[in-house]
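Student: Model the placement of chain B on the given structure of chain A, informed by the hints.
Chains as they are written, first to last, in our numbering: chain A, 642 to 947; chain B, 97 to 353.
None of these hints come from the bench; they were simulated from the model.
Only a predicted model underlies this, so the values are computations on that prediction, with no experimental measurement involved.
Where is the CB? At the ideal position from N, CA and C, for every residue including glycine.
The reader is advised that the hints may include incorrect statements.
What the hints assert, rightly or not - Stretches of chain B that chain A covers, calculated by requiring three or more beta carbons in the stretch to come under 8 angstroms of a beta carbon on chain A:
1) 186–197
2) 218–231
As the list claims (entries may be wrong) - Quick list of simulated restraints, FRET-style, between CB atoms:
3) B/219 / A/807: 17 to 25 angstroms
4) B/119 / A/893: 46 to 54 angstroms
5) B/215 / A/786: 35 to 43 angstroms
What the hints assert, rightly or not - Some chain B residues flagged as far from chain A (calculated, every beta-carbon gap over 10 angstroms):
6) 101
7) 110
8) 119
9) 123
10) 125
11) 134
12) 202
13) 242
14) 276
15) 277
16) 278
17) 282
18) 288
19) 297
20) 298
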Amino acid sequence: MTSTGFILQQLVNALFLGSIYALIALGYTMVYGIIELINFAHGELFTAGAFIGLIVLSALQSVGWVDSHFILTMVIVFAMAMAYVAVLGVALEHVAYRPLRDASRLAAILSALGMSIFLSNGMMLSQGVSDRAYPSIFGAEGITVMGAKITNGQIFIILLAVALMVALQLFVHRTRLGKAMRATAQNRTMSRMLGINIDQTIRITFIIGPALGAAAGVMVGLYYGAVRFDMGFIFMIKAFAAAILGGIGSIPGAMIGGLIIGGVEVLWAAFLPSAWKDVTTFTLLILVLYFKPSGLWGQGDVEVRV
Amino acid sequence: MAHLALKNVSKSFGGLLAVDSLDLELPAGKILSLIGPNGAGKTTVFNMITGVYPPTRGKIIYDGKTLNRLKSSRIVARGIARTFQNIRLFKSMTVLENVEVGMHCRTKSGAVRALLRTPFTLREERAIENKALEILEFFSLRRYSNEYASNLPYGDQRRLEIARAMAAEPRLLLLDEPAAGMNPSETAELMQLILKLRDTGITILLVEHDMKLVMGISEIVSVLDHGQKIAEGLPAEIQKNEKVIEAYLGSGRKKKK
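Chain A on its own, in the form it takes in the complex:
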């Protein structure tokens, strides 16, 4: 029963789920890297992205664009969701975190939790409490490789996720602002002394992180076909675990951590009693933290690496 095709199929599923976790985990890790705060409202930003995607996609579908201009539709859906959530992220930082930047860590965490509840309830009121169906635009077509059926939707989503992560790596390592961002994560005072505008750097972090989360939200909607106001929670928990596993503050760590968490979850559910998949995932997290408390890519000292 465990044919090559089945195994390959599960690996593709693992890659898909892992990429989603990785995209969300990046938002946690980047924000933590810059301001040492866990943005607990990140799961809600992810959900907001899914809803914006739903709204835009439904609108475009009703005018027939999904069939006539497929690529353009996808570009608009993702761009709108990412842009909207980026604005939301910047607003969040401005309202909830900036005033508390010099306050105690606990105050900022409470503010983050408050924003999470606020956004979650806002979405519940505006979008309802039940599942909302996503237009299914990918259908079942795909390619069959060695007995494994890989749908066009899976291919599209995995490629897009990988492209976003590659783009992020290039941004952070090759561009002037990316370097400024890494410098700020390592030493904020020194960065300010070198003329880096810290507020601007933080703002860019709150554009990129939430935008990546929004993209993940749209992907989840497209793939699972439904979204709900509280779906951010379970993804948040998994992605947070991924960020911690990889070493919070580390960008490559978040990517690898996401793939590991997604991989373990999917492969465990495929071959072993699936009720235990979350237990396994978190046991793995505990084990890693037991032997390497700073996570796989984390720095051993107080300095945080992005």
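Tutor: Below, chain B alone, put in the same frame as chain A:
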């Protein structure tokens, strides 16, 4: 006219008067050393000049304009760069990247341009890299370009700090104990380096405990004690100054190496 002037500058932290009515003038293109026992207020002076905190009273005038209340990031854009007593390199960035970050205030590609990879951005990024390599060449650090900063020997890390400060193209450079922890041969090299920097036309304000270095390169030496200037003059004059000797040795306060 003085390149940088402190006029009647005071700074108090709660009840402690760290700097007391200090007047200081730096002539352009010269090396002025600020010395004094530990806790005399030297680093406080640096912090006020670079906008870490504003003076409680008095004025800091640079190029004829006051610097009071400007943010640090603005001050470096005006042309004042500094290094710190303890090494503050970006350890998990390469040597080259450290210098590139130092050029931040002289370059301008924003987020939108970076995302769109406009020709302007690409040209600017290439120019940044070339300029950074030139600076590393000047500081004999080019062979380490792609090493992580934390992998460098101590003396080279100190030099990289100065290189990174110079990347901001300052006309006034503040060095806070650059020779701290260096061995005599490294200090001798540093001395040559500081002179070489001065010869490129920039003004240097130096805080240092190594008297050989201070007396060897300074054109003016100012002595602080308890936040007040107790003496100022040529190195030779300062070495003979009674007040200075007393500040260092007299009242049982320990002189740092």
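Student: Each hint should be assessed against the structure and marked as holding or not.
Tutor: Each hint tested on the structure:
1. 186–197: holds (count 7)
2. 218–231: holds (count 3)
3. B/219 / A/807: 17 to 25 angstroms: Given range 17 to 25 angstroms: holds, Cβ gap about 23 angstroms.
4. B/119 / A/893: 46 to 54 angstroms: holds, 53 angstroms
5. B/215 / A/786: 35 to 43 angstroms: Holds, since residue 215 of chain B and residue 786 of chain A (Cβ atoms, about 41 angstroms apart) stay within the stated range.
6. 101: holds, 21 angstroms
7. 110: holds, 18 angstroms
8. 119: holds, 25 angstroms
9. 123: Residue 123 of chain B clear of chain A: closest Cβ-Cβ about 24 angstroms, beyond 10 angstroms.
10. 125: holds, 23 angstroms
11. 134: holds, 22 angstroms
12. 202: Non-interface label fails for residue 202 of chain B: nearest chain A Cβ at 8 angstroms, not farther than 10 angstroms.
13. 242: Residue 242 of chain B clear of chain A: closest Cβ-Cβ about 12 angstroms, beyond 10 angstroms.
14. 276: holds, 17 angstroms
15. 277: Since the minimum Cβ distance to chain A is about 18 angstroms, residue 277 of chain B lies beyond 10 angstroms and the statement holds.
16. 278: Per Cβ check, residue 278 of chain B is outside 10 angstroms of chain A; nearest 20 angstroms; holds.
17. 282: holds, 22 angstroms
18. 288: holds, 25 angstroms
19. 297: Non-interface label stands for residue 297 of chain B: nearest chain A Cβ at 21 angstroms, farther than 10 angstroms.
20. 298: holds, 17 angstroms
Checked against the numbered hints above, the structure violates only hint 12.
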